[in-house]
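**Student:** One letter stands for each residue in the lines below.
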Amino acid sequence: MQTSTAIPPRSATSEFSVEREWHSDRRSPARWVFSHIWRYKIYILGILIGSLGNAGGGALMPVLVGRAFNAVVAQPPDIGSLGLMAVLIVVSQIVRAILQLGRNFSSEIIGQRIERDARDELYTSLIGKSMSFHDRQSIGDIMARATNDVREVNLLMNPGVNLVVGSAAFLIFPIIIGPRIHPQLILVPLFYVVAYVIAVAYYLRRLAPATERVRRAFGRMNATLAESIEGIETVKGAAQEEREIVRFRGMVDAWRAAAVGQGDVESLYLPSLIFGMTMALGLLHSLLLYHAGAINVGDVVAYNGVLMFLQFPTFATQFAYPQVSSGLASARRILELMNAETLLDENKGGYAGQIRGDVEFDHVTFSYGKDERPALQDVTISVKAGQTVAIVGQTGSGKSTLTKMINRIYDVDAGCVRVDGVDVRAWDLDALRRQISTIEQDVFLFSRTIAENIKFGCPDATQAEIEQAAKAAQAHDFILSFKDGYNTIVGERGVTLSGGQRQRIAIARAFLADPRILILDDSTSAIDSATEDLIQQAMFRVARGRTTFLITHRLSQIRWADLIVVLKQGRVVACGSHEELMRTSTDYRAIFAGDDERPRKSAMRARRPTSDSPHEVRGALDIEGREWGMGSGG
Amino acid sequence: MFMGLAAEKYDRQYSDRQLLRRMAAYFAPYRGRLIRLALVVLAITTIGLVSPLLIARGIDLVGVQPNVGAIIALCIGLLVLSVVNWLCNLTRRRMTARLIADVIGQMRNDAFKATIHHDMAFFDEFQSGKVITRITNDTQELSQVTVLISDLISQFTILIVLVIVLFTISWQLTLALLVMAPVVVFLGWAFRRVARLVTRSGFRAIAEVNSAIQEAVAGIRVAKTFRQEQAIYDRFKQINRRSYEVNLRRGFVLSNVFPTLNAMAGLGTAVMTYVGGLAAVGGAVSVGAWYLFIISLEQFWFPMTNIASFWSQIQGGLSACERIFALIDAESSVKQIENSKLKVERGDSHDRTFNAQFSMLNSRLRGEIEFKRVDFRYNEQQQVLRDFSLHIAPGESVALVGHTGAGKSSIIKLITRFYEFQGGQILIDGRDIRTFDLTEYRRQLGLVSQTPFLFNDTVMNNIRYARPDLSDAAVEAVARRIGGGEWVEALPNGLHTQVGERGQHLSMGQRQLVALARVLAQHPPIFILDEATASVDPFTEKQIQAALNLILADSTSILIAHRLSTVKSVDRIIVLDHGKIIEEGDHATLMARGGHYAMLYDTYFRHQSADFNAEVYQKLKA
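So the sequence lines, in the order shown, correspond to chains A and B.
Okay, so the first sequence: first residue is 1 according to this note's numbering, each after it adds one.
Okay, so the second sequence: first residue is 1 according to this note's numbering, each after it adds one.
It should be emphasised that the hints constitute simulated quantities derived from the structure, not laboratory data.
Heads up, some of the hints might be wrong.
In the DSSO-like style, the derived pairs of lysine-lysine whose C-alpha atoms are separated by at most 27 Å in a straight line are [to be verified]:
hint, chain 1, residue 1, chain 2, residue 2
1, B, Lys237, A, Lys41
2, A, Lys384, B, Lys619
3, A, Lys483, A, Lys370
4, A, Lys568, A, Lys370
Facing chain B, a subset of chain A residues (Cβ under 8 Å, in silico) [what the hints assert, rightly or not]:
hint, residue
5, Ala97
6, Gln112
7, Glu227
8, Ser272
9, Glu465
This one's a predicted model, so the numbers in the text were calculated from it and none came from an experiment.
Quick reminder that beta carbons are idealized off the backbone N, C-alpha and C, glycines included.
Please model the entire structure based on the sequences and the hints provided.
**Tutor:** This is the structure we're talking about:
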């Protein structure tokens with residue numbers, strides 16, 4: 001964890017920051033991109049010199065060709081001069097190529113550095129965001145921004161800006177060279193530039209929505225397709241192939257319409273018409289001037305040659321500007337993510353003692369959004385240090401939300417959560433979280449060795465400590481069953497571990513980290529009884545001696561918990577030990593009674609429920625007592 | 001990036017001829033449009049050639065002291081030509097956009113239609129992501145092929161006409177021009193090659209870096225829980241630097257292309273200027289003709305590089321087409337036999353009706369299932385069922401249990417007709433399963449797979465997926481039959497809750513409930529369930545059991561059971577091992593026998609029982 005005095009106000013509420021002397025301007029996408037480009041002034045200079053040199057060298061060629069013409073039509077023809085011009089053409093074009101290369105290299109360097117820097121900035125900002133932010137954001141979406149969008153910003157620079165600047169240089173030279181031949185010859189190039197700017201603006205304004213429509217239609221088509229293919233078993237099982245085909249055809253038709261629309265916008269590209277007219281007008285103007293004796297043959301050739309160079313901006317635009325605008329759109333998406341406020345702050349200098357482990361929920365109410373149904377409503381629980389609390393309830397009853405209040409992944413809307421009698425908001429965030437570990441339902445492992453994964457929270461742990469933790473977590477044996485033991489690489493580029501194995505690695509992590517409070521989201525179940533046995537032991541051991549919150553589906557765990565909290569739609573409907581709840585709660589009893597129940601079809605048909613649980617009797621009657629709702633035709 | 005490029009088993013080699021002929025078939029319906037398009041392209045080509053001729057003519061006029069009228073006429077001609085040229089280009093683009101969109105759309109529809117009718121073996125074997133890429137992205141490549149071919153034709157025309165015109169003006173200068181051609185061709189070809197090389201190796205590196213970045217992003221959450229932000233950031237920085245280096249190297253190589261081409265063009269111009277100038281001085285050509293040669297250089301240069309790289313550019317497009325055709329042509333192993341044919345095979349030749357129809361199932365099946373000495377294998381090495389026989393009475397419920405690979409899911413795959421078997425017979429209500437119309441037959445099956453699939457729609461619409469005709473009220477009634485509808489109340493928006501992509505807004509348990517409700521709504525005579533292994537909270541589990549009981553009471557049911565309560569609730573448990581039935585009976589009987597089932601119970605089901613819970617509790621307490 002680093003902090004610095006130089007961090008800007010924005011980072012004041014961040015959970016992580018890196019010391020840097022440079023900061024981007026995040027007020028708008030354009031400013032942001034510009035502030036990134038502006039860091040590399042020397043390469044900007046390289047682009048400018050390169051572009052001007054390239055265009056200048058290009059414009060020089062027709063001038064030299066024009067001189068060659070004059071040399072040939074001179075009386076007598078000047079062969080020496082002709083040869084000189086040929087040599088000059090070669091030299092100038094080689095110099096031009098070198099300058100162009102310099103321009104390309106410069107813009108390549110800037111583009112790649114922007115990609116690197118922007119990604120770094122985004123990543124740092126992501127690490128600084130609160131867990132609640134990461135809970136809300138889909139990982140796929142963040143990844144898309146960290147890879148594709150960052151790449152788009154690179155492309156915005158190169159070839160985007162590179163071409164824009166490069167082609168702009170080509171616009172300038174006819175305006176410079178024309179009047180040098182004859183003052184009047186500024187007219188046609190000037191006409192072109194003005195008309196070009198207007199036409200391009202018009203074109204881009206129409207193109208953006210058309211492109212967006214195609215993109216969206218394509219996305220929808222793709223999503224429909226993906227759904228049909230991924231759900232193919234369901235489609236075939238329900239014999240709905242024809243319907244899917246019709247649905248897909250509709251999407252293809254929508255895409256076709258959008259694609260044709262974009263084609264129509266693209267076909268109406270006025271700059272190329274303006275270019276053609278410019279060429280005709282230029283020839284006319286120069287020939288008339290020649291006729292009037294104001295310029296010579298070489299001038300006519302040179303002038304018309306220079307005008308030809310307008311062709312480059314004419315066609316480069318069609319490609320370069322959309323690239324720039326899609327880059328800006330990506331920049332906007334990246335900024336959105338970075339500028340999203342993180343709700344919590346580190347609260348440096350807050351209370352930072354050793355946690356004993358008392359946890360108290362005091363009339364806690366919380367909802368994820370203003371308009372949403374509260375995820376927790378008036379929850380009051382008191383847990384003593386070292387107790388194990390099982391939290392049970394249906395999906396969506398608020399089980400995970402409850403635990404997220406403790407380590408401040410979310411802050412309460414009303415009420416208060418206290419750890420050791422101190423409001424969690426008064427704790428130093430670092431001190432609080434350091435002493436609370438979470439084992440999530442979906443255990444994430446890095447593509448590194450098993451040992452590295454276990455010691456992730458304590459990088460200094462020795463091999464002996466790692467093995468000890470693994471043994472306590474019942475993971476040692478299966479780890480040794482791999483050829484490379486603790487050095488086995490896991491994850492995407494290595495061995496795939498089963499859910500039960502990942503869970504035990506996570507438990508080993510928790511043993512090493514030795515937190516005072518442990519939150520265990522255990523919603524997986526082992527396929528076989530032997531593994532189940534191991535996991536149960538591991539969990540029991542890791543829970544011992546610390547305050548443990550268990551979100552569990554396992555009846556045995558519920559049973560050995562000191563305190564059981566039954567949640568229903570965000571409210572505590574029952575709370576107590578197993579024995580107490582068996583006596584007092586029908587909801588609770590229903591779960592445990594379920595195990596003895598044998599819902600036999602024959603029994604159902606005879607309307608003779610076999611269960612002795614009152615709840616079950618009611619349930620069965622409910623099922624049976626109802627008319628068979630709908631006409632069940634085959 | 002390379003995802004779509006790897007070869008699949010169903011891929012096959014088509015000769016270029018076959019490919020082109022098949023692509024031509026897609027364009028055939030638009031013959032008229034193609035001809036019009038060709039005419040427009042021809043017009044554009046002609047104008048492209050005439051304009052420089054006019055300008056050269058203008059330069060020639062300079063020599064003979066022209067009158068103003070001729071100059072104006074010439075320039076108006078040029079102006080008109082440029083407008084016509086623009087209009088032709090506009091028309092060409094509009095026509096091309098439509099043509100390409102129509103052809104690609106048709107190809108996508110064909111590819112999808114063919115794909116959706118492939119049997120399940122196909123989908124089990126091939127990753128859906130890759131199949132999708134073929135249908136959407138590979139078809140897109142077709143537009144590139146179309147543009148490339150039409151460009152090639154127009155550029156060839158330009159070149160040929162240009163060379164002929166130039167020859168008539170000055171064969172010496174034309175020869176000088178042609179001498180430079182091989183250099184251009186070689187350069188164009190060489191650059192494509194180099195570019196492809198660096199691009200390919202670059203992509204591989206980028207793919208690697210991308211996956212590392214993805215891990216770094218996904219790992220943030222873990223890093224935060226353990227306060228390891230600095231460590232994960234340092235690691236990220238390393239990856240990011242590598243990404244930068246790889247990209248920069250690739251960028252530098254590609255940066256060379258245009259400067260080199262420009263330098264070569266400059267050299268060519270210098271040569272033409274000097275050689276042409278000498279010729280003009282010697283009186284071999286006019287000054288205008290000389291100018292024409294210099295500006296023709298550009299006209300010559302560009303098509304040449306393009307033609308030189310045509311084959312390497314079109315390769316991508318052609319192989320994309322090959323991938324699409326292979327997808328369309330992949331053969332289905334599930335084959336239904338027409339009734340008449342079957343009768344012929346059986347020898348009932350006197351009863352030949354020649355009515356090439358599959359058995360239509362107009363009435364509801366009773367649900368009797370019989371396997372008669374069935375042989376089934378996925379491939380030559382993997383014989384799953386041999387001489388397998390099983391009879392399931394109408395209305396009976398059967399649970400299949402056994403270790404992985406015992407043949408449980410194979411039996412289900414055969415009943416659903418997702419796979420073809422090799423020997424024996426499967427009879428449904430006494431009729432050969434191969435004679436049914438597949439759509440009609442599957443309409444009578446209720447199927448819930450291990451990971452229930454939901455469509456990105458409301459819960460309501462997911463429930464009536466197999467019965468689109470059901471009213472909202474009817475769906476509601478079905479949903480309420482399960483445990484009194486308590487599960488519906490737990491959904492944030494009741495039956496109108498959007499389930500999200502693949503149902504991700506719902507919990508696993510809720511997804512199972514929706515899938516079971518779907519079957520309840522369908523009310524099929526045969527119900528097939530591959531039970532999910534994911535654990536579910538005890539409350540939801542109760543409701544799943546309630547839904548299951550409702551279905552079991554009404555349909556012939558075949559279940560692959562993973563939950564204790566499921567095996568307890570069926571009429572008959574069938575224990576499978578290596579494709580053979582080794583034990584059958586109900587739970588109590590089999591447990592009492594203490595045989596294979598008792599062993600399986602110990603391995604897979606014991607931990608779900610109350611006894612196990614009590615036992616663990618005691619053990620841990622001690």
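**Student:** Against chain B, run the beta carbon of Ser272 (chain A) and see if the smallest gap drops under 8 Å.
**Tutor:** Hint on Ser272 (chain A): holds, closest Cβ of chain B at ~6 Å, below 8 Å.
**Student:** Within a Cα-Cα threshold of 27 Å, do Lys483 (chain A) and Lys370 (chain A) meet the stated pairing?
**Tutor:** With a Cα-Cα distance of about 53 Å, the restraint between Lys483 (chain A) and Lys370 (chain A) is violated, given a limit of 27 Å.
**Student:** Hold the hint about Glu227 (chain A) up to the distance rule: shortest CB distance to chain B must be less than 8 Å.
**Tutor:** Where the cut-off is 8 Å and the nearest Cβ of chain B is about 6 Å from Glu227 (chain A), the hint holds.
**Student:** Is the interface hint for Gln112 (chain A) satisfied, with its Cβ closer than 8 Å to some Cβ of chain B?
**Tutor:** 5 Å, holds
**Student:** Just to be careful, I want the Cα atoms of Lys237 (chain B) and Lys41 (chain A) compared with a cutoff of 27 Å; is the pair within it?
**Tutor:** 24 Å, holds
**Student:** Lys384 (chain A) and Lys619 (chain B) were given as a pair; does the straight-line alpha-carbon distance stay at or below 27 Å?
**Tutor:** It holds: about 24 Å lies between the C-alpha atoms, which stays within 27 Å.
**Student:** Run the distance test for Lys568 (chain A) versus Lys370 (chain A): straight-line Cα separation, threshold 27 Å.
**Tutor:** 21 Å, holds
**Student:** Would the hint on Ala97 (chain A) be counted as holding, given a Cβ-Cβ threshold of 8 Å to chain B?
**Tutor:** 4 Å, holds
**Student:** Can you verify the interface hint for Glu465 (chain A): is its Cβ closer than 8 Å to any Cβ in chain B?
**Tutor:** 15 Å, violated
This entry does not satisfy hints 3, 9, going by the numbered hints stated previously.
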